[in-house]
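Visitor: Turn these sequences into a full structure, and let the hints steer you where they fit.
Chains as they are written, first to last, in my numbering: chain D, 11 to 318; chain H, 122 to 393.
Heads up, some of the hints might be wrong.
If you want the footprint, here are the derived chain D segments under chain H, 3+ residues with CB under 8 Å [claimed, not checked]:
id, stretch
1, 58-70
2, 101-111
3, 116-125
Chain H is faced by these chain D residues, among others (derived, beta-carbon under 7 Å) [stated by the list, open to error]:
id, residue
4, 89
5, 90
6, 96
Calculated Cβ distances over 10 Å to all of chain H for the following chain D residues [stated by the list, open to error]:
id, residue
7, 179
8, 232
9, 270
Rather than coming from a laboratory, the hints here were simulated on the basis of the structure. Every residue gets a Cβ at the ideal spot worked out from N, C-alpha and C, and that includes glycine.
Each chain, letter by letter, is given below.
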Amino acid sequence: MSAIRTENLSKTYRSVLGRKETAAVRMLSLEVKEGEVFGLLGPNGAGKTSTIHLLLNLIRPSSGAAYLFDRPVTDTDVHRRLGYLPESVNLLDYYRGEALLDFYAALCGVDAAARRARVAELLRLLGLEEAAHKRVSKYSKGMAQRLGFAQAMVHEPDLLILDEPTSSLDPLGRNDFREILLDLKRRGKTVLISSHILSEVESVCDRVAILQNGELKRVGTLAELSPAQSTRLIVRELPGAAMESLVATSAQVTWAEGQVTIRCQDAATRQAVEEVLRRHDVQIVREEAETASLNDIFLSTIKQETGS
Amino acid sequence: MRIVVLIAMDGIRALIHQRLLVALMLASLAGTVAFSVFLSSAREHVTQSFSEERRATEPTQGDRHLSEAEQRKFREQMEGMSSFVQAGFYKAASLGGSLVALFIFGTAVTSEIRRGTIRLTLSKPVSRTQFLLGKYMGGVAVMIAYAFFASLAVVFFALSQSVELNPAIRWAPWLMFCEQLMLGSLALLLSLFMHPILAAMLAFFAGNGFYSPPNPLYYILPSYSDFGVFFDVLQGNLVDWKDVVFLTLYAFDFVAIMLLLALWRFRTKELL
Chain D
11 MSAIRTENLS KTYRSVLGRK ETAAVRMLSL EVKEGEVFGL LGPNGAGKTS TIHLLLNLIR
71 PSSGAAYLFD RPVTDTDVHR RLGYLPESVN LLDYYRGEAL LDFYAALCGV DAAARRARVA
131 ELLRLLGLEE AAHKRVSKYS KGMAQRLGFA QAMVHEPDLL ILDEPTSSLD PLGRNDFREI
191 LLDLKRRGKT VLISSHILSE VESVCDRVAI LQNGELKRVG TLAELSPAQS TRLIVRELPG
251 AAMESLVATS AQVTWAEGQV TIRCQDAATR QAVEEVLRRH DVQIVREEAE TASLNDIFLS
311 TIKQETGS
Chain H
122 MRIVVLIAMD GIRALIHQRL LVALMLASLA GTVAFSVFLS SAREHVTQSF SEERRATEPT
182 QGDRHLSEAE QRKFREQMEG MSSFVQAGFY KAASLGGSLV ALFIFGTAVT SEIRRGTIRL
242 TLSKPVSRTQ FLLGKYMGGV AVMIAYAFFA SLAVVFFALS QSVELNPAIR WAPWLMFCEQ
302 LMLGSLALLL SLFMHPILAA MLAFFAGNGF YSPPNPLYYI LPSYSDFGVF FDVLQGNLVD
362 WKDVVFLTLY AFDFVAIMLL LALWRFRTKE LL
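Guide: In C-alpha cells form, the structure reads like this:
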C-alpha cells in the first residue's frame with residue numbers, strides 16, 4: 011500500500027480578479043511507499059509547500075487527486091495516521107507546553123492515560139521536560155520547533171509530513187532530529203521531508219523527488235539519480251607494465267593505504283581497464299559503485315532546467 | 122461531538138487569553154455600571170429637587186406628610202427616572218455585548234487562519250465542520266458568561282438602588298443574548314469573505330431597521346430592532362412571553378442559516 015499517492019495533481023492560484031494565474035503544482039504524479047523516508051527537494055517556489063498543503067487538504071487541487079493510505083485526502087479520518095510539522099511553526103501560544111501536546115493528542119482520540127505517558131515521553135525525548143509547564147509564548151524558536159515536532163508525533167502516526175523541519179534548530183538540535191528520524195525509519199514509519207538542507211535529506215532518505223516550477227523533474231534513489239555510473243575498482247598491487255597500459259585509458263589511478271584504486275568514469279573505460287588487468291593477471295579485490303552527492307544531483311537538475 | 126467540545130474548550134481558552142477581549146468585556150460591564158450610577162444620581166437629584174421645591178413653596182409646613190397628589194406626582198417622577206435608569210442600563214449593556222459578540226465571532230476563525238495555527242489543528246482528524254462549530258460553540262459559551270454577568274449586574278444594581286425591576290427588563294438579558302448570537306453568526310459568516318473589522322461593521326449595521334415591509338431588504342436583513350426592549354422599559358410595557366418565544370425561534374433560525382452558509386464557505390476556503 012502507498013502512504014502517499016498523487017495523480018496528475020495540479021494547483022493554480024488565481025489573483026482576486028482572476029486575471030493572473032500562477033501554477034504552483036503541475037501534473038504531479040508521485041508515490042511514497044509505506045515505510046519509506048522520502049525527500050521532497052526544490053528551490054524556493056518549486057511547489058513543495060503547496061504539494062504538502064494539497065496533501066493536508068488545506069488547499070483544493072485545480073485538477074488531479076491526492077491520496078493518503080489509498081484514501082482521498084478529503085477524508086479527515088485518515089489524519090489519525092498522519093503527523094504534520096509546518097515550515098513556520100505557529101503554535102497555540104496560550105497553552106503551556108504539556109497542555110498543548112495533551113490537547114492535540116486528545117483531538118487524535120488518544121485516551122487520557124496514554125496521553126499522559128506519551129506526552130511525558132516526548133517532552134523527555136525532545137529535551138523539553140523543564141519547559142513543560144512554561145507558556146508556549148515564552149518558548150524560543152528552537153524550542154517551539156521541538157514542540158511542533160512533538161505534536162506531530164504525539165499520536166504515534168504512521169506517516170509524518172515535515173516541511174523544513176530543522177530550519178530553526180541549532181546543530182545539536184539537528185543532530186537530535188536526525189537521530190529521531192533514523193529511529194522512526196527503523197520502526198517502519200513513513201516520512202516525507204521537504205528540506206533545503208541536502209546533507210540532512212541525503213543521510214536519511216531512501217528516495218528523493220526534485221521539483222522545479224511545480225513540476226516533478228526527477229525521482230528515485232541516489233544511485234538511480236547519479237548522472238554517470240562511474241565505478242571504483244580496488245586492487246592490491248599494480249605492476250609497472252599494467253600501469254603503463256592503464257595510462258592509455260581515461261581511468262584515474264590512486265594509491266592509498268596499501269591498495270590501488272582505479273576510477274572508471276563510464277562503462278567503456280571500465281571495459282578497457284578490466285581488459286588491461288586481465289592481461290597482466292591482476293585480481294580485482296572489490297568494486298564500488300560511485301554515486302554523486304545529492305547536492306551534485308540537485309544542482310545539475312536545476313541547472314539543466316534553467317539552462318545555465 | 123467530542124471533537125466539537127474540545128475545539129469549543131480551546132476556543133474559550135483562546136478568548137480568555139485575548140487581553141483586548143477581556144478588557145472590552147470588563148470595560149463594557151464597568152461602563153454599564155458607571156452609566157447607571159450616573160443615571161441613579163440623576164434620580165436622586167430629582168428627589169432632592171422635589172423636596173427643595175416643596176420647601177420653597179411651603180416653607181412653614183415643616184415635615185408634614187405629603188398630600189395624595191404630591192405623593193402621586195413624586196411616585197410618577199420616581200418611576201419615570203427608575204425606568205430611565207434601567208433602560209439606560211440595558212442599552213449600555215446591549216451595546217457592550219454587541220461589541221463583544223462582534224469581536225468574538227468575527228475573529229474566531231480568521232485569527233486562526235491569520236496566525237497559521239489552523240493548519241496544525243486541521244492536520245489532526247478534525248473536519249472543517251467540527252472546527253467551525255467548535256469555535257462557534259466556544260464563542261457562545263463566552264457570550265453566555267457575559268450575559269450572566271450582565272444580568273447579575275442588573276439585579277445587583279436594582280438591589281443596591283432599591284429599584285423595583287421593570288417588567289420589560291426581565292426578558293432583556295435573554296433577548297440581548299439572542300440578538301448577540303445573530304450578530305455573531307453574521308459576523309462569522311462575513312469574516313470568511315472579508316477583513317474581520319469590515320465584517321463586524323457590516324454585521325452591526327446590517328439590521329433592517331431602516332426598511333419597511335414592501336422593501337425586499339426588510340425580509341432579507343436581520344431584525345435586530347425587534348430584540349430591543351429599550352422603549353418597553355422606558356414606557357413600563359410588559360413584554361409578552363409569546364413575543365419572546367417567537368423572537369427566540371427567529372434568532373435560532375437566523376443563526377442556523379448563517380452557520381450553514383459559513384460552513385459552505387469555510388469548507389471550500391483555501392487555508393494558505
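Visitor: If a hint holds in the structure, say so; if it does not, say that too.
Guide: Hints versus structure:
1. Judged by the Cβ-Cβ criterion of 8 Å, the stretch 58-70 of chain D is covered by chain H as claimed, because 6 of its residues qualify and three suffice.
2. Residue count for the stretch 101-111 of chain D with a Cβ under 8 Å from a Cβ of chain H: 4. That meets the three needed, and the coverage hint holds.
3. Evaluation of the coverage hint for the stretch 116-125 of chain D: fulfilled, as 4 residues show C-beta separations to chain H shorter than 8 Å, against a requirement of three.
4. For residue 89 (chain D), the interface hint holds, the least distance from its beta-carbon to any beta-carbon of chain H being 4 Å, beneath 7 Å.
5. Because the beta carbon of residue 90 (chain D) sits about 5 Å from the nearest beta carbon in chain H, less than 7 Å, this interface hint is met.
6. A least Cβ separation of about 5 Å between residue 96 (chain D) and chain H falls short of the 7 Å threshold, and the interface hint therefore holds.
7. Look at residue 179 (chain D): its CB is around 18 Å from the nearest CB on chain H, clear of 10 Å, so calling it non-interface holds up.
8. The Cβ of residue 232 (chain D) sits about 29 Å from the closest Cβ of chain H, beyond the 10 Å cut-off, so the non-interface label holds.
9. Distance to chain H confirms residue 270 (chain D) as a non-interface residue, since its nearest Cβ pair spans about 55 Å, more than 10 Å.
Going through the hint list in order, the structure satisfies each hint without exception.
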